[in-house]
Amino acid sequence: MEQFLQQIINGISLGSIYALIALGYTMVYGIIKLINFAHGDIYMVGAYVGYFCMTFLKLGFLPSLLIAMVFCTLLGVTVEKIAYKPLRDSTRIAVLITAIGASLFIEYGTMFFVKAGVRSYPDMTGLLVKQFRFGDIVLTMQQIIIVITTVLLMILLQFIVKKTKIGKAMRAVSMDKDAARLMGINVDSTISFTFAIGSALAGAAGVLVGIYYNSINPLMGIMPGLKAFVAAVFGGIGIIPGAMIGGYIIGTIEVLVSGYGNSMYRDAVVFAILILILIVRPAGLLGKNTREKV
Amino acid sequence: MLEIKDLHVYYGAIHAIKGISLAVNDGEIVTLIGANGAGKTTTLRTASGLEKPASGTILLDGKDITNTSAQERVRMGISHVPEGRRIFPNLTVLENLELGAYLRKDKDGIARDLKMVYERFPILSDRKKQAAGTLSGGEQQMLAIGRALMSRPKILFLDEPSMGLAPLLVQEIFDIIKDINREGTTILLVEQNASKALQIANHAYVMETGNIVLSGTGAELMQSDEVKKAYLGG
Numbered sequence: 001m002e003q004f005l006q007q008i009i010n011g012i013s014l015g016s017i018y019a020l021i022a023l024g025y026t027m028v029y030g031i032i033k034l035i036n037f038a039h040g041d042i043y044m045v046g047a048y049v050g051y052f053c054m055t056f057l058k059l060g061f062l063p064s065l066l067i068a069m070v071f072c073t074l075l076g077v078t079v080e081k082i083a084y085k086p087l088r089d090s091t092r093i094a095v096l097i098t099a100i101g102a103s104l105f106i107e108y109g110t111m112f113f114v115k116a117g118v119r120s121y122p123d124m125t126g127l128l129v130k131q132f133r134f135g136d137i138v139l140t141m142q143q144i145i146i147v148i149t150t151v152l153l154m155i156l157l158q159f160i161v162k163k164t165k166i167g168k169a170m171r172a173v174s175m176d177k178d179a180a181r182l183m184g185i186n187v188d189s190t191i192s193f194t195f196a197i198g199s200a201l202a203g204a205a206g207v208l209v210g211i212y213y214n215s216i217n218p219l220m221g222i223m224p225g226l227k228a229f230v231a232a233v234f235g236g237i238g239i240i241p242g243a244m245i246g247g248y249i250i251g252t253i254e255v256l257v258s259g260y261g262n263s264m265y266r267d268a269v270v271f272a273i274l275i276l277i278l279i280v281r282p283a284g285l286l287g288k289n290t291r292e293k294v
Numbered sequence: 001m002l003e004i005k006d007l008h009v010y011y012g013a014i015h016a017i018k019g020i021s022l023a024v025n026d027g028e029i030v031t032l033i034g035a036n037g038a039g040k041t042t043t044l045r046t047a048s049g050l051e052k053p054a055s056g057t058i059l060l061d062g063k064d065i066t067n068t069s070a071q072e073r074v075r076m077g078i079s080h081v082p083e084g085r086r087i088f089p090n091l092t093v094l095e096n097l098e099l100g101a102y103l104r105k106d107k108d109g110i111a112r113d114l115k116m117v118y119e120r121f122p123i124l125s126d127r128k129k130q131a132a133g134t135l136s137g138g139e140q141q142m143l144a145i146g147r148a149l150m151s152r153p154k155i156l157f158l159d160e161p162s163m164g165l166a167p168l169l170v171q172e173i174f175d176i177i178k179d180i181n182r183e184g185t186t187i188l189l190v191e192q193n194a195s196k197a198l199q200i201a202n203h204a205y206v207m208e209t210g211n212i213v214l215s216g217t218g219a220e221l222m223q224s225d226e227v228k229k230a231y232l233g234g
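Residue numbers (the numbering used here), protein chains in the order written: chain E, 1 to 294; chain S, 1 to 234.
Hints listed in this document are in silico derivations from the structure and should not be mistaken for laboratory results. This one's a predicted model, so the numbers in the text were calculated from it and none came from an experiment. Careful: at least some of the hints might be erroneous.
No more than 27 Å apart at the CA atoms, straight line, and that leaves these computed lysine-lysine pairs for DSS-like [what the hints assert, rightly or not]:
{"no.": "1", "chain 1": "E", "residue 1": "163", "chain 2": "S", "residue 2": "63"}
{"no.": "2", "chain 1": "S", "residue 1": "18", "chain 2": "S", "residue 2": "63"}
{"no.": "3", "chain 1": "E", "residue 1": "177", "chain 2": "E", "residue 2": "163"}
{"no.": "4", "chain 1": "E", "residue 1": "165", "chain 2": "S", "residue 2": "63"}
{"no.": "5", "chain 1": "E", "residue 1": "162", "chain 2": "S", "residue 2": "196"}
{"no.": "6", "chain 1": "S", "residue 1": "52", "chain 2": "S", "residue 2": "107"}
{"no.": "7", "chain 1": "S", "residue 1": "128", "chain 2": "E", "residue 2": "163"}
{"no.": "8", "chain 1": "S", "residue 1": "154", "chain 2": "S", "residue 2": "178"}
{"no.": "9", "chain 1": "E", "residue 1": "163", "chain 2": "S", "residue 2": "52"}
{"no.": "10", "chain 1": "S", "residue 1": "115", "chain 2": "E", "residue 2": "163"}
{"no.": "11", "chain 1": "E", "residue 1": "165", "chain 2": "S", "residue 2": "128"}
{"no.": "12", "chain 1": "E", "residue 1": "165", "chain 2": "S", "residue 2": "105"}
{"no.": "13", "chain 1": "S", "residue 1": "128", "chain 2": "S", "residue 2": "52"}
{"no.": "14", "chain 1": "S", "residue 1": "154", "chain 2": "E", "residue 2": "177"}
{"no.": "15", "chain 1": "S", "residue 1": "129", "chain 2": "E", "residue 2": "162"}
{"no.": "16", "chain 1": "S", "residue 1": "178", "chain 2": "E", "residue 2": "165"}
{"no.": "17", "chain 1": "E", "residue 1": "177", "chain 2": "S", "residue 2": "107"}
{"no.": "18", "chain 1": "E", "residue 1": "177", "chain 2": "S", "residue 2": "105"}
Produce the entire structure from the sequences given, and follow the hints as far as they go.
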């Protein structure tokens, strides 16, 4: 039982990170129907920015987190402007291939600047190394910070999407671009804004993973990116609460498989879930199965 | 108010609009009738900035707006109720109406216009918290018109407002259009229901395969043998 609770705690921590990344996938998909394969790499860049802030600028967690989020926002918007916007009226496959290209470009571009090797986040000090023990269960301060940061960002996101004018514009554009234009909504800047928010969340996830797992490398975005994509599909791609739930479920399942089964299988299990959900419920957990309109 | 001169529009290789010219004067109801595929919807979409013309000019109050964005045209007073209503189904009725006033900043004015829309369409007030996709066809059309009025337009484009509605509702929608016009909004109406449209129109144009083949006052066209034969069922 105690081991199980411990696994759940670990799963929720990992799930938070997947959920943050999955939100960006799902929002971008919702608004331009693109699986943004470069999204996992934005997360990687976020981890590096956090690393440089903490290691060389000796900044604390919070300023590093904010700087990483701002940097990733700019990066995400730039990628959208350069790579995706010129293809707005092209076929979806053209944009998808471009996204893979953008992903490789960011990965190897980063490698050029920071070298390919693994780097370690500095040792955490002070509050960040605190641990709480309940019998055999250990709850680390890092885990608490991850969950709190994630939940706060999700509340902020829900507020933006539901209550603000730009949030309404986002929802309108994701439903019907022409109708949104007729309302006077600037569709291009709304799409940019969506990339901005998604990238900021990915940047935050990068820093959180840095303080949690410590080691980072330029290709670290690939696997979590794919898993967050699975999480987004699991919850129902395009649906924001779906991405949150999907992230937590995928994270927990992965940890449970490593803890009880064989950690060699944890990736396989996640992708088996993807296949299963595509067979059983292709619209995802919260999605409605609608027929493609003709 | 609105003037279109020698407009050409292509969809890929298809020459959809072949050099049409038309004018809508202040306070008028002008209608564009014609068969499916004649180019009526394309004309409206180009006038509101959703399509780019290959050549020709569009003037609003004498100003050339041919190269302005759809957003800019909303700001200048064009509001377009598109074919098929195109309400935002997952947003509530109220959110749909609020989006109609997206570019406006005058909170009091918006609140006043919202009240006016609710007075005109009481059913929308009853359903304001409901997802717009759950409304019936007629209610959705009312919502689409209400949403378009929220930008306080000088000129309102209506594309097939009677499409798919029961006959009783069709009459209601046409009465509403007349009302809106009487209160000072100029209207450019695209309709398949030619007889109803001609009845309320000051001026009418008949389109065929991308050209305007006939024009005149509503009453004149109702009497025209060609129009009778082609669009009014004898």
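Hints, verified against the model:
Distance restraint check for residue 163 of chain E and residue 63 of chain S: the Cα-Cα separation of roughly 37 Å exceeds the 27 Å cut-off, and the hinted pair is therefore not satisfied. This hinted pair checks out: residue 18 of chain S and residue 63 of chain S have alpha carbons roughly 23 Å apart, not beyond 27 Å. Among the hinted pairs, residue 177 of chain E with residue 163 of chain E is consistent with the structure: their alpha-carbon atoms are about 20 Å apart, no more than 27 Å. Among the hinted pairs, residue 165 of chain E with residue 63 of chain S is inconsistent with the structure: their alpha-carbon atoms are about 30 Å apart, more than 27 Å.
Pair hint residue 162 of chain E plus residue 196 of chain S does not hold up; C-alpha atoms about 41 Å apart against a cutoff of 27 Å. In summary, the hint linking residue 52 of chain S to residue 107 of chain S is not supported, as the alpha carbons are separated by about 33 Å, beyond the 27 Å threshold. Distance check on the hinted pair: residue 128 of chain S and residue 163 of chain E sit about 16 Å apart at the alpha-carbon level, within 27 Å; holds. Annotation: proposed proximity of residue 154 of chain S to residue 178 of chain S holds, straight-line Cα distance about 15 Å (limit 27 Å).
For a cut-off of 27 Å, the pair hint linking residue 163 of chain E to residue 52 of chain S is broken: about 34 Å separates their Cα positions. Our distance criterion of 27 Å between C-alpha atoms is met by residue 115 of chain S and residue 163 of chain E, whose separation comes to about 21 Å. Simply put, residue 165 of chain E and residue 128 of chain S have alpha-carbon atoms about 18 Å apart, close enough for the 27 Å limit, and the pair holds. At roughly 11 Å between alpha-carbon atoms, residue 165 of chain E and residue 105 of chain S fall within 27 Å of each other, so this suggested pair holds.
Between the alpha carbons of residue 128 of chain S and residue 52 of chain S the distance comes to roughly 35 Å, so the proposed pair goes past 27 Å and is violated. Between the alpha carbons of residue 154 of chain S and residue 177 of chain E the distance comes to roughly 23 Å, so the proposed pair stays at or under 27 Å and holds. Our distance criterion of 27 Å between C-alpha atoms is met by residue 129 of chain S and residue 162 of chain E, whose separation comes to about 14 Å. In summary, the hint linking residue 178 of chain S to residue 165 of chain E is not supported, as the alpha carbons are separated by about 32 Å, beyond the 27 Å threshold.
For the hint pairing residue 177 of chain E with residue 107 of chain S, the CA-to-CA distance comes to about 25 Å; that is within 27 Å, so the pair holds. Pair hint residue 177 of chain E plus residue 105 of chain S holds up; C-alpha atoms about 22 Å apart against a cutoff of 27 Å.
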